[in-house]
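*Asks:* Residue numbers (my numbering), protein chains in the order written: chain C, 1 to 237; chain V, 1 to 456.
Any given hint could be a false lead.
List of simulated lysine-lysine pairs, DSS-like, C-alpha gap at most 25 angstroms [unchecked claim]:
#1 V:231 x V:24
#2 C:92 x V:304
#3 V:51 x C:146
To give an idea of the chain V side of the interface with chain C (calculated C-beta under 10 angstroms), a few residues [what the hints assert, rightly or not]:
#4 15
#5 26
#6 33
#7 35
#8 323
#9 365
#10 387
#11 396
#12 408
#13 437
#14 442
#15 443
#16 445
#17 456
Derived by calculation from the structure, the hints in this document are not laboratory data.
Note that the coordinates shown come from a computational prediction; the quantities given were computed from them, not determined experimentally.
A virtual CB, placed ideally from N, CA and C, is assigned to each residue, including glycine.
Okay, here's what each chain looks like letter by letter:
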Amino acid sequence: MKVEIFIPCFVDQLFPQTAFNMVHILECAGCEVEYNVAQTCCGQPAYNAGFQDECGIVARKFIAGFSGENYVVVPGGSCTGFVRNYYKQLFKGSDLEEQVITKPSLFYEFSSFLTDILGVEDTGAALEGVAVYHDACGALRECGVKAAPRTLLNHVRGLKVVETEDAERCCGFGGTFAVKYEPISVSMGEQKVLNAIAAGADYIISTDLSCLMHLDGYIQKHNLPIKTMHIADVLIS
Amino acid sequence: MTTYKQIFIEESRKKGIDPEHRRKINHSLLQSDIAFQKGIPQFSHLQSAKKAANHIKRTAIENLDTYLLRFEKHFTQNGGKVIWAATAQEALDAVDRICKEVNARLVVKSKSMVTEEIHLNPFLSSKGIEVVETDLGEYIQQLAGEPPYHLVAPSMHKSKEEVADLFHEKLGASKGLAPEALTQFARKILREKYVQADIGITGVNFLLADIGGVALTENEGNGRLSTSFPKVHIAVTGIEKILPSVRDLGLFWPLLATHGSGQQITVYNSIFTGPRKTGEKDGPEKMYVILLDNGRTRLLADPKARESLYCIRCGACLNVCPVFRNIGGHTYNSTYGGPIGSVITPHLKGMQQYAHLSQASSLCGACTEVCPVGIPIHELLLYNRQLSAKNATRLEKLGWRIWANACSNRSLMNMNGGKIKNKVIRILFSGAWGANRDLPKFASQSFNQLWRKQRQ
Ligand code: SF4
Chain C
1 MKVEIFIPCF
11 VDQLFPQTAF
21 NMVHILECAG
31 CEVEYNVAQT
41 CCGQPAYNAG
51 FQDECGIVAR
61 KFIAGFSGEN
71 YVVVPGGSCT
81 GFVRNYYKQL
91 FKGSDLEEQV
101 ITKPSLFYEF
111 SSFLTDILGV
121 EDTGAALEGV
131 AVYHDACGAL
141 RECGVKAAPR
151 TLLNHVRGLK
161 VVETEDAERC
171 CGFGGTFAVK
181 YEPISVSMGE
191 QKVLNAIAAG
201 ADYIISTDLS
211 CLMHLDGYIQ
221 KHNLPIKTMH
231 IADVLIS
Chain V
1 MTTYKQIFIE
11 ESRKKGIDPE
21 HRRKINHSLL
31 QSDIAFQKGI
41 PQFSHLQSAK
51 KAANHIKRTA
61 IENLDTYLLR
71 FEKHFTQNGG
81 KVIWAATAQE
91 ALDAVDRICK
101 EVNARLVVKS
111 KSMVTEEIHL
121 NPFLSSKGIE
131 VVETDLGEYI
141 QQLAGEPPYH
151 LVAPSMHKSK
161 EEVADLFHEK
171 LGASKGLAPE
181 ALTQFARKIL
191 REKYVQADIG
201 ITGVNFLLAD
211 IGGVALTENE
221 GNGRLSTSFP
231 KVHIAVTGIE
241 KILPSVRDLG
251 LFWPLLATHG
261 SGQQITVYNS
271 IFTGPRKTGE
281 KDGPEKMYVI
291 LLDNGRTRLL
301 ADPKARESLY
311 CIRCGACLNV
321 CPVFRNIGGH
331 TYNSTYGGPI
341 GSVITPHLKG
351 MQQYAHLSQA
361 SSLCGACTEV
371 CPVGIPIHEL
381 LLYNRQLSAK
391 NATRLEKLGW
401 RIWANACSNR
411 SLMNMNGGKI
421 KNKVIRILFS
431 GAWGANRDLP
441 KFASQSFNQL
451 WRKQRQ
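Using the sequences provided together with the hints, build the complete structure.
*Replies:* Now the structure itself:
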């Protein structure tokens, strides 16, 4: 199967290895991966700040960068959810109205693409230790991804996944919120990390690197005995 | 000059690092979540129930003028009197007139957020009238001299020990009373107040247009006592509390109960349809309903923001909000806290001063997911951001324009250590990643650059 990928801007700049891991897993599962090197950003940051027009400029270019013939796989639910659910509103009444009905529905968060479309539940990965899974808000609420990452993680040899009461609670990243409202963002992240440690976890695993980057920032600063991992990095272990 | 936003951020910081606050709120919210999870199964299909409720509220709000007039007509026919108040001051003046008419010395109140909104208690006190809150949580808050902390659980941030201390200090109760004893103690005091009170003031959960009725939901029976002993009953409500028909309660009562307190149905549900009629044994001699606008028609005028008027004040969005959990109810510095408060407060009290409430959200969407009447709360926060972006600083506007440019051009994004990139990031991310988080490390080459090298 031919698939296109979108690598969100901060993944592109900060976590290229995770993106390559996703590509390898997709290729191992028999996909032919295409990447449009001209792609940049889905426009979400501007939209969340209230700047719809600026978002529109970027989103217009973004959506033109995909063929509309293949699935688009994304290592994260945040951008995926934004494209799927907000483009319709964004381009309502514009010349793109038709395009944003068909194209966004092809976008898939990586783990749910593996289970729901490719039917892959076991990537043959092995990782020793205890993990909590963090439901990233974009994946959970915008894309409805809940079972997929758990199914995949449960097949990882040596890994024990424990459920916590706060699995679905936001980690406090939220884009510019993380800097503009730093005290709230930090205390949200702190509770997430401390709860994971209290659950005996060695790892916090999630679909979204934005959450993990924020949590890892807290962990590193405080030298805490826990590690964040993107699901693609786990599934290739 | 210190702005509301600066105060908000400072208070957030204080609450965020207060371990006692965190412990109490987490405990309290865990209890409410357990109750909520137990309550949900009473709906065989919760999503359909919410959809139906959304439809009813949409109909009610889209035709608000019709239904309010219908309510007025029927309530007046029942012998009650409707008072329209455009502002908080008009509502206060109306209450004042009624108090003067009956020469009121003592008013008992059952829980009402609208009377908090218009600051009724200090107003009555300034007129020399004693006001007593009869809902236990509100009574505690009144003793402590604090506004309610949460829409339905006003004193959820106080431990039982703190309440015992408060009763000891303010009422002379013996030290260290247990919750049951405290309740008994309060009940004894309140019972006397009910019989002595000249006026009972309540809020309203639902206005029923077809029968001219006022529906009141409570768990302690204090609402009934506040309305049956005094000669006058005044119900104060926002105009949005309307439902087309008494029959809608079959859906709204259980929805409110489950989302508010995890119950299947709240203990006391009363419908008041006017004052005592000839031949009836009890009830007040006079009954007034004050319909308050106080900025709500501004929300109504905006087709998008209008949806926030569907709110039934169940408080569920507060309970699931991670921001509320960390900063608590008082930090919002507004009558209505939590997600729905952050949506409506900027409209009710001024976008300039309160826009930060709509910004102070990670947009996680837990509020929208839980709301029983299907208000797209986090989308309305986004909508408020769009409105306030119009007043953004020139620098911020410029920042986003440069950003849009940069994101439209891959070669700009691939620039290494580009000065523009850093500058834009500094403008847009004004503030700090903070002393509490290490900065992420940039990869020496982006995925894009690596892909070009390896695969092309
Ligand atoms: S917005 Fe929805 S969840 Fe929040 S208080 Fe109102 S009805 Fe309840």
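*Asks:* The hint names residue 323 of chain V as touching chain C; please verify it with the least Cβ-Cβ distance against 10 angstroms.
*Replies:* 6 angstroms, holds
*Asks:* Have a go at the residue 408 of chain V hint: is there a Cβ in chain C nearer than 10 angstroms to its own Cβ?
*Replies:* 5 angstroms, holds
*Asks:* Against chain C, is residue 35 of chain V within 10 angstroms by beta-carbon distance?
*Replies:* With a closest approach of 14 angstroms, the residue 35 of chain V hint is violated.
*Asks:* For the hint on residue 387 of chain V, does the least C-beta distance to chain C fall short of 10 angstroms?
*Replies:* 7 angstroms, holds
*Asks:* Measuring from the C-beta of residue 365 of chain V to each C-beta in chain C, is the shortest one below 10 angstroms?
*Replies:* 4 angstroms, holds
*Asks:* Hint residue 437 of chain V vs chain C: min CB-CB distance below 10 angstroms?
*Replies:* With a minimum Cβ separation of about 3 angstroms from chain C (threshold 10 angstroms), the hint on residue 437 of chain V holds.
*Asks:* Hint validation: residue 396 of chain V versus chain C, beta carbon distance must be below 10 angstroms. Holds or violated?
*Replies:* OK, holds: residue 396 of chain V within 10 angstroms of chain C, min 8 angstroms.
*Asks:* Is the hint on residue 456 of chain V kept, meaning its closest Cβ partner in chain C is under 10 angstroms away?
*Replies:* At about 7 angstroms, which falls below the 10 angstroms cut-off, the nearest Cβ of chain C leaves the hint on residue 456 of chain V intact, so it holds.
*Asks:* May I ask you to test the interface hint for residue 442 of chain V with respect to chain C, counting a Cβ-Cβ separation under 10 angstroms as satisfied?
*Replies:* At about 6 angstroms, which falls below the 10 angstroms cut-off, the nearest Cβ of chain C leaves the hint on residue 442 of chain V intact, so it holds.
*Asks:* Could you check if residue 445 of chain V really has its C-beta closer than 10 angstroms to a C-beta on chain C?
*Replies:* 7 angstroms, holds
*Asks:* Would the hint linking residue 51 of chain V and residue 146 of chain C be met if the CA-CA limit is 25 angstroms?
*Replies:* Between residue 51 of chain V and residue 146 of chain C the Cα gap is close to 23 angstroms, so the pair holds against 25 angstroms.
*Asks:* Does the structure keep residue 92 of chain C and residue 304 of chain V at a Cα separation of 25 angstroms or less?
*Replies:* Between residue 92 of chain C and residue 304 of chain V the Cα gap is close to 15 angstroms, so the pair holds against 25 angstroms.
In summary, the numbered hints that this structure violates are 1 and 7.
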